[in-house]
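Asks: Residue numbers (numbering that gives the first Met the number 0), protein chains in the order written: chain R, 0 to 317; chain B, 0 to 307.
No lab work stands behind these hints, which were simulated from the structure alone. Idealized CB from N, CA, C, for every residue including glycine. Be aware that a few hints might be false.
Stated by the list, open to error - Here are the in silico distance ranges between beta carbons for each label pair: (1) B:Asp227 x R:Lys60: 18 to 28 Å; (2) B:Ile91 x R:Arg221: 31 to 41 Å; (3) B:Asp227 x R:Ile299: 50 to 60 Å; (4) R:Lys117 x B:Pro201: 40 to 50 Å; (5) R:Gly250 x B:Ile91: 19 to 29 Å.
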Amino acid sequence: MGNIGKSSTAVAVGQKKKFTIPVGAKLFLLVLPFLILVFLFSYYPLNGWRYAFYDYRAPLKLSQCDYVGWKWFKYLFGNKMQITQLLKVLRNTFAMSGLTILTSFLPVIFAIFLNEIKCKWFKTLVQTLTTLPNFISWVLVYSVAFALFSDTGMVNTMLQNAGITTNVVKFLDSDAHTWLWMLFWSTWKGLGWGSIMYLAAIAGTDQELYEAARVDGAGRFRLMRHITLPSLMPTFFVLLMMSIANFLTNGLDQYFVFSNSFNMEHIQVLDLYVYKLGLGSNGLSLATAIGMLKSLISVILFCVVNFVSKRTRGESIM
Amino acid sequence: MSTKVAIKKKKKLTKGDVTFSIINYAVFLILTIICAYPFYYLIINTISANDLSANGFINFLPQKVHFENYIQVIKLRGLSTAVFVSIGRVVIGTAATVLASAFLGFMFTQEKMWARKFWYRFIVITMYFNAGLIPMYLTMMNLHLTNTFWVYIIPGIVQPFNIILVKTYIESIPRSLQEAAEIDGAGIVKVFLKVILPTSTPILATIAIFSAVGHWNSFQDTLIYVTDQGLWTLQYLLYSYINQASSLATLIKNSLGTTQNMMALATQQTSTSVRMTVSVIVVFPILCIYPMFQRYFVKGIMIGSVKG
Numbered sequence: 000m001g002n003i004g005k006s007s008t009a010v011a012v013g014q015k016k017k018f019t020i021p022v023g024a025k026l027f028l029l030v031l032p033f034l035i036l037v038f039l040f041s042y043y044p045l046n047g048w049r050y051a052f053y054d055y056r057a058p059l060k061l062s063q064c065d066y067v068g069w070k071w072f073k074y075l076f077g078n079k080m081q082i083t084q085l086l087k088v089l090r091n092t093f094a095m096s097g098l099t100i101l102t103s104f105l106p107v108i109f110a111i112f113l114n115e116i117k118c119k120w121f122k123t124l125v126q127t128l129t130t131l132p133n134f135i136s137w138v139l140v141y142s143v144a145f146a147l148f149s150d151t152g153m154v155n156t157m158l159q160n161a162g163i164t165t166n167v168v169k170f171l172d173s174d175a176h177t178w179l180w181m182l183f184w185s186t187w188k189g190l191g192w193g194s195i196m197y198l199a200a201i202a203g204t205d206q207e208l209y210e211a212a213r214v215d216g217a218g219r220f221r222l223m224r225h226i227t228l229p230s231l232m233p234t235f236f237v238l239l240m241m242s243i244a245n246f247l248t249n250g251l252d253q254y255f256v257f258s259n260s261f262n263m264e265h266i267q268v269l270d271l272y273v274y275k276l277g278l279g280s281n282g283l284s285l286a287t288a289i290g291m292l293k294s295l296i297s298v299i300l301f302c303v304v305n306f307v308s309k310r311t312r313g314e315s316i317m
Numbered sequence: 000m001s002t003k004v005a006i007k008k009k010k011k012l013t014k015g016d017v018t019f020s021i022i023n024y025a026v027f028l029i030l031t032i033i034c035a036y037p038f039y040y041l042i043i044n045t046i047s048a049n050d051l052s053a054n055g056f057i058n059f060l061p062q063k064v065h066f067e068n069y070i071q072v073i074k075l076r077g078l079s080t081a082v083f084v085s086i087g088r089v090v091i092g093t094a095a096t097v098l099a100s101a102f103l104g105f106m107f108t109q110e111k112m113w114a115r116k117f118w119y120r121f122i123v124i125t126m127y128f129n130a131g132l133i134p135m136y137l138t139m140m141n142l143h144l145t146n147t148f149w150v151y152i153i154p155g156i157v158q159p160f161n162i163i164l165v166k167t168y169i170e171s172i173p174r175s176l177q178e179a180a181e182i183d184g185a186g187i188v189k190v191f192l193k194v195i196l197p198t199s200t201p202i203l204a205t206i207a208i209f210s211a212v213g214h215w216n217s218f219q220d221t222l223i224y225v226t227d228q229g230l231w232t233l234q235y236l237l238y239s240y241i242n243q244a245s246s247l248a249t250l251i252k253n254s255l256g257t258t259q260n261m262m263a264l265a266t267q268q269t270s271t272s273v274r275m276t277v278s279v280i281v282v283f284p285i286l287c288i289y290p291m292f293q294r295y296f297v298k299g300i301m302i303g304s305v306k307g
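With the hints as extra help, turn the sequences into a complete structure.
Replies: In structure tokens, the structure reads:
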């Protein structure tokens, strides 16, 4: 590493340095502990995929269990009950991801219209309060939902006090409009925060463009439509690609906290299913097999999306 | 043309503009209220008389303000432990990941490192794949991390995304700073501590705030890796309170014992009051911190989007 060239000058200068570890190796040794951590928590878990090929029973060691080959994968697609179950789970996953993608334009609209608000303190207030829900946990969102929509929650008490209904309206313990409710809560949590990036993109748009368009007689809506909106498209495209890459991943927290025996039919997405199956009902090997397929499909999706992005925009999203 | 420009510049508000503005302001006001009101609702209900709040009379202003709920809830068994665990993981977890991100981000700018590019990619690529929930659980079990406090800390120390952020930031600092320190005889660790850490505080603050909120809000790791009640975080405790209305009532009875009988109806604990009070305790740090540090959050997402 250029030491030879340097050593002659070093000798000439009369450096009294003894033989030590080369700098490159020393630097490597300093990061080694962290590399080990990365290996342990990101690469080593892949080894757990072996469980998908065994018939694992909880307290035993893997070596004490039977090797069953592709049994679980065949079971997944061969057993009729299992297929119906899996289709249901996939339907929910696709519905939630689909709805999320369909509503991904909402933050764009939010940003464009918020940008039209000229009163500065009001804008700041709106931004602060609408981004706040993004920073609370799903448990707290559930707690808020519970306070407002449970049997004894605010909405029910209000409805009864106003004499609109006499019966308790079951909002949480029912399977009515489960997907829309889930969409509502994720929008409530994420809308304001989702618009932040777009607002920044608007702020970065060349003001001369607006001036020029105004000179040409463009009104407010035409400015929004022909200048602001196109300036947001690159960001929108990247985020859209990301959500397509994450199509199978809805996250566990939201669906776990909101799930109960009433709405399981429509709330059980893939992540929740894998959790329930693997840690709840002792189907650890089957759950691993499903999780493994999910991970592989996700990686493939990501590569495809990345490829498409490279082709259409000349930029990868990595 | 020039007259037209002059006219356009002094354009007065038309009727359409005014209508648009009014509607626009109104819509955003409603959206803001939808986002903020639930928090307000929780807070006013925890400080109002419990019999009024149980019957749904507290919707806009607190009435008969008292703080008995908070005094009683703190006495609940499990709560103080959970507060301790949650604060512990926020402090230790954030410190660990910030230091590690700073150190690794810095080290990966050192071109002399052996196979630097390879190891950098070795870390970064982990953002794009995931072994899955069950293999992670098995890993934690094999490493004997389940049911320990460290399961909250150790797996989250190395965050590839944060390392990218720090590395990009440090690359923008003039290299001469490090060289000057090296000429003065500082080793690599000393350069890191004396030069890099102080100069990269803006990015580290951003990482710290995101990481702290993440640790405070984290729920899933308790759910999957921890069964020991002594290691429950506040989030998990809150979840169990919401889901176990009946057992909560007995819990209140047990931990408050005879004093409950002497309490007036207005301050008597109900499962609703406990739930809401714990919720407020859980959300309070976020409510306090968020407005103060909002610009850090916004900055964080900006740098993130650049590097994507």
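Asks: Among the hints numbered above, which are violated by the structure, and what are their numbers in rising order?
Replies: Failing hints, ascending: 2, 3 and 4.
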